[in-house]
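*Asks:* Top line first, the protein sequences correspond to chains A and B. Quick note: the first sequence, position 56, residue 56 per our numbering, numbers continuous. Each position in the second sequence, counted from 1, maps to that position plus 144 in our numbering.
What the hints contain is simulated information worked out from the structure, not anything from laboratory work. Glycine residues also receive a C-beta, built at the ideal position from the N, C-alpha and C atoms.
Here are the simulated SDA-like pairs of lysine to any residue, each with C-alpha atoms no more than 25 Å apart in a straight line: (1) B:Lys213 <-> A:Ile105; (2) B:Lys213 <-> A:Ala109; (3) B:Lys213 <-> A:Ala124; (4) A:Lys81 <-> B:Glu256.
Label-pair ranges, simulated between beta-carbon atoms: (5) A:Arg138 <-> B:Pro255: 19 to 29 Å; (6) A:Lys25 <-> B:Thr184: 46 to 56 Å; (7) A:Arg40 <-> B:Phe169: 53 to 63 Å; (8) B:Gly158 <-> A:Ala42: 53 to 63 Å.
Partner residues are not named here, just some residues of chain B that face chain A (Cβ under 10 Å, in silico): (9) Val241; (10) Glu243; (11) Val246.
Here's the letter readout for the chains.
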Amino acid sequence: MPAVKHSVASPGDPGRGAPSRTDGKVILCTYCDQPQEVGRKAQTITCRFCYKRLNLEDAHIKQYEAHRAIETCGSVLIDKKGTVVAERLHCASLTVRGKLKANVISRGAVQVATTAEIRGDVAAPRIAIDAGAVLEGRYHIGSA
Amino acid sequence: MADHADNEFPTVLGPDANFNGELSFEKGVRLQGRFQGKITTPGRVYVTKEAKMQADVEAGCITVEGEVKGNLSANDRIELKQTARYEGDLRACKLVVDEGAVFSGQVTVGPEVVKNRGTGVTTSPRSGTAPTPGQPVGKPGPDGHAGAPESGERLAKAAR
Numbered sequence: 001m002p003a004v005k006h007s008v009a010s011p012g013d014p015g016r017g018a019p020s021r022t023d024g025k026v027i028l029c030t031y032c033d034q035p036q037e038v039g040r041k042a043q044t045i046t047c048r049f050c051y052k053r054l055n056l057e058d059a060h061i062k063q064y065e066a067h068r069a070i071e072t073c074g075s076v077l078i079d080k081k082g083t084v085v086a087e088r089l090h091c092a093s094l095t096v097r098g099k100l101k102a103n104v105i106s107r108g109a110v111q112v113a114t115t116a117e118i119r120g121d122v123a124a125p126r127i128a129i130d131a132g133a134v135l136e137g138r139y140h141i142g143s144a
Numbered sequence: 145m146a147d148h149a150d151n152e153f154p155t156v157l158g159p160d161a162n163f164n165g166e167l168s169f170e171k172g173v174r175l176q177g178r179f180q181g182k183i184t185t186p187g188r189v190y191v192t193k194e195a196k197m198q199a200d201v202e203a204g205c206i207t208v209e210g211e212v213k214g215n216l217s218a219n220d221r222i223e224l225k226q227t228a229r230y231e232g233d234l235r236a237c238k239l240v241v242d243e244g245a246v247f248s249g250q251v252t253v254g255p256e257v258v259k260n261r262g263t264g265v266t267t268s269p270r271s272g273t274a275p276t277p278g279q280p281v282g283k284p285g286p287d288g289h290a291g292a293p294e295s296g297e298r299l300a301k302a303a304r
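Isolated chain B, as found in the complex (with noise of 0.2 Å):
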């Protein structure tokens, strides 16, 4: 059962220890004590009831018990347990929340999420077709119509 356990988290912040900084590592971390700062990994984070974390996190998979505030983003799934206490905003392709637990901030949670991450598009979920902040103006758009930019420069040609 023990070997199980260090199997998942092989990294475990016990709950005396005071970490400050950022983190990165593969496999999984268990957070017993407090943490301020980053965390970055594509394995699971499981903060413990103890814990109080204050923190923003991407992983595959994070399960909370604890205190947390920051931005959580997770690829899989993100779990409030009932006694979790959760501040931030929250990206992640599925959200559990079981009831009891006390949280808020902006959720965005569905199966695009993850996929339009780092692209900067905070559309809604499953609605693909809004353009993204980054798209160059002028060009055409996802509907067929040409930018103003663009369209003002034919229109300067034509009156030549």
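Just chain A, same shape as in the assembly (with noise of 0.2 Å):
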């Protein structure tokens, strides 16, 4: 069975902040962006800092889904026959193999395929685009 290592809080903050668990993974809070540990396994938490509620699961589309909004810590693929229409989606990273009808924001990277078509607003630090790919929106790409 693997050792779980448990650290000790900082004594100027108890229980807040603080990663406890080293098995885990950091993820950024959407709404406060505040860094925080969770367990590797963890689907939704609460996040510390804000109270909001924050989903930490993958997503991987294979069919049309229609949202008001797609917000993840996880990452968020969109195959060849995906299809996704959402007002905005959050995620941590973005791979783009189907169709998007969204305004994006990404923390990582986004990827867009040859056989991707996104609509919409994207910001994202870092995005590689392949050639064949239908754009059409506002992009800012980089750290700025």
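Taking the hints as your guide, dock the two standalone chains into a single complex.
*Replies:* Here it is as structure tokens:
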């Protein structure tokens, strides 16, 4: 059985902020941008700083899906046959092979395949676009 | 090797050059210095890493490694390499962006984009049903419905 190490929270801020488990992963809150460590298998958590519910699951979309918003601290993969229509899509990273109509904010890299079609604004620190993708919208790529 | 490069880019703006104005040519240009103005060509435009350009470009193919501000329009493709810094609106048939490129602006990319260029169409690349801004008012639209002024005339005639 794997040993789980527990670190002691800092005395100045008991129970808040300091990551408690070393076998977890660090995520950034979608709402307050604060980093926190969570268990690897956790699917949802409540942010320790802003107390909002955070979805940690990765999304793999293979068919048509319409949502008001997709907000996850995990990655989103839209497959070739997948179509997503949403008002906004917030994620840690995004790979698009199908169709996407949403305003995208990604914390990590966005990968756009040849077969992809994206309509909406995209903000991300990094993007890779393959030739053949259909794009329409305002793009803001880079750290600034 | 050098011959091949010369054939592809017979025009070269050197690293110490500072060009201000309008440029048009047939084959291709390699920009290594500073350029400000407008470029029109059916060929290739290659903006090297050390180049700085502030221009509107209409070309067959555009490759950016340096710093560019302005609107780019390509009949074939636009390539933004890893070191590219780009700000402006972009229209092309194909767009290839390497991870690490920094850019911001309106992007319109798709096979229909270049065909619609010049007609003033700002609709989505694959939607062919939207009426053009230049379409006369009153004529039946693409959906078959008559425009308001013409239908108004018909009503007036019927009333008489």
